[in-house]
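Chemist: Sequence:
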Amino acid sequence: MYVLYKEIAFGGDIAKVAVMPQSMEDVLTLLAATLLARRELPKTPLVTMPMGPLGSITRNAGLLFGLDLTQALNS
2 MYVLYKEIAF GGDIAKVAVM PQSMEDVLTL LAATLLARRE LPKTPLVTMP MGPLGSITRN
62 AGLLFGLDLT QALNS
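Going by this note's numbering, the residue at position 68 of the sequence shown is 69; the numbering climbs one at a time, nothing skipped.
These are computed hints drawn from the structure, not numbers from a lab.
Incorrect hints may have been included.
Derived pair list, reagent style DSSO-like, types lysine-lysine, alpha-carbon separation capped at 27 Å [claimed, not checked]: (1) LYS17 / LYS44; (2) LYS7 / LYS17; (3) LYS7 / LYS44.
Across the chosen pairs, the derived CB separations fall in these ranges [stated by the list, open to error]: (4) GLN23 / LYS44: 29 to 35 Å; (5) PRO54 / ALA10: 30 to 36 Å; (6) ILE58 / ALA10: 27 to 33 Å; (7) GLY13 / THR71: 15 to 21 Å; (8) SER57 / PHE11: 29 to 35 Å; (9) LEU55 / ILE15: 21 to 27 Å; (10) ALA62 / GLU41: 17 to 23 Å; (11) LEU70 / LYS7: 17 to 23 Å; (12) SER24 / MET2: 15 to 21 Å; (13) LEU55 / PHE11: 28 to 34 Å.
Note that the structure is predicted; figures quoted are calculated from it, not measured.
C-beta: ideal position from N, C-alpha, C; glycine also.
Full structure from sequences and hints, please.
Modeler: So, in structure tokens, the structure goes:
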């Protein structure tokens with residue numbers, strides 16, 4: 002959350018963070034932070050990305066938590 006707030010405080014147009022989760026708990030923590038950021042920054046475009054195989058579930062589920070943008074991988 003701190004990173005997202007700092008990006009906006011320094012004049013950013015969007016709040017974005019990408020992380021490499023080590024566990025599903027990390028993914029859930031990021032989704033919870035995404036939901037909180039959406040509630041506290043309702044007009045700010047929001048992008049959070051847990052990378053790697055563990056983050057793949059958020060490509061769809063993240064939209065339910067308030068993401069404005071997600072990514073896809075063509076394999």
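Chemist: Indicate, hint by hint, whether the structure satisfies it.
Modeler: Quick rundown of the hints versus the structure:
Only pairs whose Cα atoms come within 27 Å are accepted, and LYS17 paired with LYS44 is accepted, the gap being roughly 14 Å. Restraint check for LYS7 and LYS17: satisfied, since their Cα atoms lie roughly 10 Å apart, inside the 27 Å limit. Between LYS7 and LYS44 the CA atoms are separated by roughly 16 Å; this keeps the pair inside 27 Å, and the hint holds. Separated by about 32 Å at the C-beta atoms, GLN23 and LYS44 satisfy the suggested range of 29 to 35 Å.
Roughly 33 Å separates the CB atoms of PRO54 and ALA10, a value that falls within the hinted 30 to 36 Å. Checked against the given bound of 27 to 33 Å, the beta carbons of ILE58 and ALA10, roughly 30 Å apart, stay inside it. Between GLY13 and THR71 the beta carbon distance is about 19 Å. The supplied range of 15 to 21 Å therefore holds. Separated by about 31 Å at the C-beta atoms, SER57 and PHE11 satisfy the suggested range of 29 to 35 Å.
Between LEU55 and ILE15 the C-beta distance comes to about 24 Å, which sits within the given range of 21 to 27 Å. At about 20 Å, the beta-carbon gap between ALA62 and GLU41 stays in the expected band of 17 to 23 Å. In this structure, LEU70 and LYS7 meet the distance hint of 17 to 23 Å, their C-beta atoms being roughly 19 Å apart. One distance hint, 15 to 21 Å for the beta-carbon pair SER24 and MET2, holds here, with the actual separation near 19 Å.
Taken as a hint, the range 28 to 34 Å holds for the pair LEU55 and PHE11, whose Cβ atoms sit roughly 29 Å apart.
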